[in-house]
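K.L.:
Chains as they are written, first to last, in our numbering: chain A, 1 to 108; chain B, 1 to 114.
Read the hints as simulated data drawn from the structure, not as lab findings.
Every value quoted in this text rests on a predicted model; they were computed, and no experiment measured them.
Virtual Cβ for every residue (Gly too), placed ideally from N, Cα, C.
Any given hint might turn out to be false.
To be verified - Label pairs and their in silico Cβ distance ranges:
| hint | chain 1 | residue 1 | chain 2 | residue 2 | range |
| --- | --- | --- | --- | --- | --- |
| 1 | B | A56 | A | Y48 | 33 to 43 Å |
| 2 | A | G16 | B | T54 | 44 to 54 Å |
| 3 | A | P108 | B | T54 | 16 to 26 Å |
| 4 | B | D26 | A | S7 | 35 to 45 Å |
| 5 | B | G40 | A | Y48 | 38 to 48 Å |
| 6 | A | K100 | B | E30 | 46 to 56 Å |
| 7 | A | E5 | B | S96 | 37 to 47 Å |
| 8 | A | R58 | B | K14 | 40 to 50 Å |
| 9 | A | A65 | B | A56 | 42 to 52 Å |
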Amino acid sequence: GIQVEQSPPDLILQEGANSTLRCNFSDSVNNLQWFHQNPWGQLINLFYIPSGTKQNGRLSATTVATERYSLLYISSSQTTDSGVYFCAVVEWADGLTFGKGTHLIIQP
Amino acid sequence: NAGVTQTPKFRVLKTGQSMTLLCAQDMNHEYMYWYRQDPGMGLRLIHYSVGEGTTAKGEVPDGYNVSRLKKQNFLLGLESAAPSQTSVYFCASSSSSAQEDTQYFGPGTRLTVL
Numbered sequence: 001g002i003q004v005e006q007s008p009p010d011l012i013l014q015e016g017a018n019s020t021l022r023c024n025f026s027d028s029v030n031n032l033q034w035f036h037q038n039p040w041g042q043l044i045n046l047f048y049i050p051s052g053t054k055q056n057g058r059l060s061a062t063t064v065a066t067e068r069y070s071l072l073y074i075s076s077s078q079t080t081d082s083g084v085y086f087c088a089v090v091e092w093a094d095g096l097t098f099g100k101g102t103h104l105i106i107q108p
Numbered sequence: 001n002a003g004v005t006q007t008p009k010f011r012v013l014k015t016g017q018s019m020t021l022l023c024a025q026d027m028n029h030e031y032m033y034w035y036r037q038d039p040g041m042g043l044r045l046i047h048y049s050v051g052e053g054t055t056a057k058g059e060v061p062d063g064y065n066v067s068r069l070k071k072q073n074f075l076l077g078l079e080s081a082a083p084s085q086t087s088v089y090f091c092a093s094s095s096s097s098a099q100e101d102t103q104y105f106g107p108g109t110r111l112t113v114l
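Isolated chain A (complex conformation):
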C-alpha cells in the first residue's frame, strides 16, 4: 500500500520561530489533508490540499502532487501550536492513510 513519511519526527522550537514540516507519499493521491492533534487528543482539520497552495493565518500548505510531497509552514509559532501534526492521504477506497506525524513542541 501507499507509504506516507513525515519529517522531522520531532521538532522543538522557541516561540516566534518559523517551521516547515514535510510529508512524502509513495504513489499518486486524490486527497491530502493536514491535521493538528492538540495535547488533549483532539484532531483539528488544517487543510484539504490535494494540490496547490493554501493559507490560513499563520499556517500555509503546499502540495506538489507530481513530485509526491506536501509541506506545512508555520510562521511566528505560539505555544498553542504544540502537538502532533499529521499528514493523511487516500489509499483505501474511502479512508485516509496517515503518516506517523511530527511532534512539535513550542517553548515560551
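Given the structure of chain A, go ahead and fit chain B onto it with the hints provided.
P.N.:
This is chain B only, laid out in the frame that chain A set:
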C-alpha cells in the same frame, strides 16, 4: 451544531467482555469512518460506511463489527475484547467520498482492555 460526537469518552474492559462505541453526526454526512490510534502512530482505518445500511472493511477490521442503521449514527462493536484492542478510537464523517472531501473527526474514545 455539535459536529461529530462519540460515546463514551473513556472505558475500561476486561478481556472477553463486549461493548459498543457510538458515533453520531449532525451534519447530514453520507460517509462515516472508524479509526484507531495506537501510541506514537497515526490513525488506521477499521471500517467505514458510504451510506445508511452499508458498511465496508478498512485496513484493520479483525475483531470489530459495525452497523449503520441510521444515517446519523455509526456503531463500532467489540464482541470479545482483547488487550491488543487497547487504543484510542476516532470516528469521522464526510459529505462525499474520502477522495473528494474533508473528513471531520470526533473527540475520541480511550479504551483500555485489561
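K.L.:
Next step is simple, just say for each hint if it's right about the structure.
P.N.:
Verification of the supplied hints:
For B/A56 paired with A/Y48, a C-beta distance near 22 Å fails the hint of 33 to 43 Å. Range check, A/G16 to B/T54: Cβ separation about 49 Å, and the 44 to 54 Å hint holds. Judged by the Cβ atoms, the range 16 to 26 Å given for A/P108 and B/T54 is violated: they are separated by roughly 49 Å. The given range of 35 to 45 Å is respected by B/D26 and A/S7, whose C-beta atoms sit roughly 37 Å from each other.
Between B/G40 and A/Y48 the Cβ separation comes to about 25 Å, which falls outside the hinted range of 38 to 48 Å. Distance hint for A/K100 and B/E30: a CB-CB separation of about 30 Å, inconsistent with the stated range 46 to 56 Å. Under the hint 37 to 47 Å, the C-beta atoms of A/E5 and B/S96, about 28 Å apart, miss the expected range. The hinted range of 40 to 50 Å is satisfied by A/R58 and B/K14, whose Cβ atoms lie roughly 46 Å apart.
In this structure the hint that A/A65 and B/A56 lie 42 to 52 Å apart at CB is violated, the actual value being about 26 Å.
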